[in-house]
Amino acid sequence: MYSNISYKVVILLEKYITEYKYYLHGELNLSSNTIDKYISDCKKYVNYLTEYQKITVLDDINVDVIRSYLKNLKKKVKNLDTYISSIRSFHRFLFLEKHMKTNPSNLIDLPKKEKKLPVVLSIDAINNIIDNIDVSTEEGYKSKAMIETAYSCGLRVSELIGLKIENLHLDLGFIKVFGKGSKERIIPIGEKAVDTLNYYLKNIRPKYVKNTSPYVFLNKRGNQLTRQAFSVILKKYVLENDIIKKVSPHTLRHSFASHMLQEGSDLRLIQELLGHENISTTEIYTHVSNSKLKEVYLNSHPRARKDKKNV
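In my numbering, the protein residues as written are 892 to 1202.
A hint or two may mislead.
Stated by the list, open to error - Pairs of lysine to aspartate or glutamate, EDC-like flavour, derived with a Cα cap of 20 Å:
1. LYS945 to ASP955
2. LYS1083 to GLU1154
3. LYS1071 to GLU918
4. LYS1083 to ASP1133
5. LYS928 to GLU910
6. LYS1074 to GLU1057
7. LYS1098 to GLU1154
8. LYS1067 to GLU1168
9. LYS992 to ASP950
10. LYS967 to GLU910
11. LYS1071 to ASP1086
12. LYS962 to GLU905
13. LYS1127 to ASP1022
14. LYS899 to ASP950
15. LYS1098 to GLU1030
16. LYS935 to ASP955
17. LYS934 to GLU905
18. LYS1055 to ASP1086
19. LYS962 to GLU942
20. LYS945 to ASP1000
21. LYS966 to GLU942
22. LYS969 to ASP1000
23. LYS899 to GLU942
24. LYS906 to ASP955
25. LYS1007 to GLU1030
26. LYS1093 to ASP1000
27. LYS928 to GLU918
28. LYS899 to GLU910
29. LYS1093 to ASP1133
30. LYS1127 to GLU1029
Note that these hints are calculated values from the structure, not bench results. Here the structure is a predicted model, which means the values were calculated and not measured.
Model the full assembly from the supplied sequences, consistent with the hints where possible.
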């Protein structure tokens, strides 16, 4: 049971969480999924503060309290990064709105992680996946249209399944998508993808329409296709082409960026196409390119490897 003072803090924090939710949506314009995650994390944090730490005044929350929570949480979850981000964001809000005099989360840093290079398929592997799809069936042609579009435009899976008819401008050679935070961007689309999409829209999609839907890609019930469904579709064709890499829908996006860079595209252009806010996010693909360059060098140069015999 809470004391009267603790109960007042609980009510107050619940009120602030509601205000925080409006802040995430209205001020930061974050996606619904991101907002739900932040709010869920903050509710767990607030529960810890009031139930275990017995916080009665918000300004009693200091860096030691936060570290204690994270230490407790570490026993239950593998990755603390998202929880730390949520707590820091919530405290930033509390400080900006003058609900707290200080922001103790400023002293909490995200753990430094070694950047993993993204999984990228070769151009030949992408071509094999697309070209080997059996398009004699309606499901096969729909699959080809989805994979072709995702790779042609470097789309996130959420952008692919959220693509609407009204945002296709195939006669002009571009599409409009809404990325993270509902940020709009215009992306060129390749001629092969245009041809595939046009055929799908004219001959395949009408057979799936059972009710009015604005979305390009539909399931058999005529509803918007889910990200899980697309993941299953892609993995099916990856297996059929004997590709042993761990492939996800995002692999198509990684491959798009890597191949653009490989073929001489400017990094800033790739940043714009991908919708990255910061170019440092896009720079990971330069490491992929350098990694590939090293691999080619080691396999090609006669004296690159110690185990190679001179001829």
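Against the structure, the hints:
Using a Cα cut-off of 20 Å, the hinted pair LYS945 and ASP955 holds, with the two alpha carbons roughly 14 Å apart. For the hint linking LYS1083 to GLU1154, the alpha-carbon distance of about 18 Å falls within 20 Å, and the restraint holds. Taking the CA atoms of LYS1071 and GLU918, the gap is about 14 Å. The hint holds against a cut of 20 Å. Of the supplied pair hints, the one linking LYS1083 and ASP1133 is violated, its CA atoms being roughly 24 Å apart against a limit of 20 Å.
Using a Cα cut-off of 20 Å, the hinted pair LYS928 and GLU910 holds, with the two alpha carbons roughly 16 Å apart. At most 20 Å may separate the alpha-carbon atoms for a hinted pair to count; LYS1074 and GLU1057 meet this at roughly 17 Å. With a C-alpha separation of about 39 Å, the suggested pair LYS1098 and GLU1154 falls outside the 20 Å cut-off, and the hint is violated. Simply put, LYS1067 and GLU1168 have alpha-carbon atoms about 17 Å apart, close enough for the 20 Å limit, and the pair holds.
A distance of roughly 7 Å separates the Cα atoms of LYS992 and ASP950; the hinted pair therefore holds under the 20 Å criterion. A threshold of 20 Å between alpha carbons decides the hint, and for LYS967 with GLU910 the separation of about 28 Å lies outside it, so the pair is violated. Proximity of LYS1071 to ASP1086 is assessed by CA-CA distance (about 28 Å); at most 20 Å being required, the pair is judged violated. The hinted pair formed by LYS962 and GLU905 fails the criterion: a straight-line CA distance of about 24 Å is larger than 20 Å.
Proximity of LYS1127 to ASP1022 is assessed by CA-CA distance (about 14 Å); at most 20 Å being required, the pair is judged to hold. This hinted pair checks out: LYS899 and ASP950 have alpha carbons roughly 14 Å apart, not beyond 20 Å. Of the pairs offered as hints, the one joining LYS1098 and GLU1030 holds, with about 11 Å between alpha carbons and a cut-off of 20 Å not exceeded. Our distance criterion of 20 Å between C-alpha atoms is met by LYS935 and ASP955, whose separation comes to about 17 Å.
Using a Cα cut-off of 20 Å, the hinted pair LYS934 and GLU905 holds, with the two alpha carbons roughly 8 Å apart. Between LYS1055 and ASP1086, the direct Cα distance comes to roughly 17 Å. Compliance with the 20 Å bound is thereby established for this hinted pair. Distance check on the hinted pair: LYS962 and GLU942 sit about 16 Å apart at the alpha-carbon level, within 20 Å; holds. Straight-line distance between C-alpha atoms of LYS945 and ASP1000 comes to about 25 Å, which puts the hinted pair past the 20 Å bound.
Using a Cα cut-off of 20 Å, the hinted pair LYS966 and GLU942 holds, with the two alpha carbons roughly 18 Å apart. A hinted pair counts as satisfied when its Cα atoms are at most 20 Å apart, and LYS969 with ASP1000 qualifies at roughly 17 Å. Proximity of LYS899 to GLU942 is assessed by CA-CA distance (about 13 Å); at most 20 Å being required, the pair is judged to hold. Under the criterion of a C-alpha separation no larger than 20 Å, the hint pairing LYS906 with ASP955 is inconsistent with the structure, at around 24 Å.
Note on LYS1007 and GLU1030: the hinted pairing is violated, with a Cα-Cα distance of about 34 Å set against a maximum of 20 Å. Under the criterion of a C-alpha separation no larger than 20 Å, the hint pairing LYS1093 with ASP1000 is inconsistent with the structure, at around 53 Å. Proximity of LYS928 to GLU918 is assessed by CA-CA distance (about 17 Å); at most 20 Å being required, the pair is judged to hold. Pair hint LYS899 plus GLU910 holds up; C-alpha atoms about 17 Å apart against a cutoff of 20 Å.
With a C-alpha separation of about 32 Å, the suggested pairing of LYS1093 with ASP1133 is violated against the 20 Å cut-off. About 16 Å separates the Cα atoms of LYS1127 and GLU1029, which keeps this hinted pair within 20 Å; it holds.
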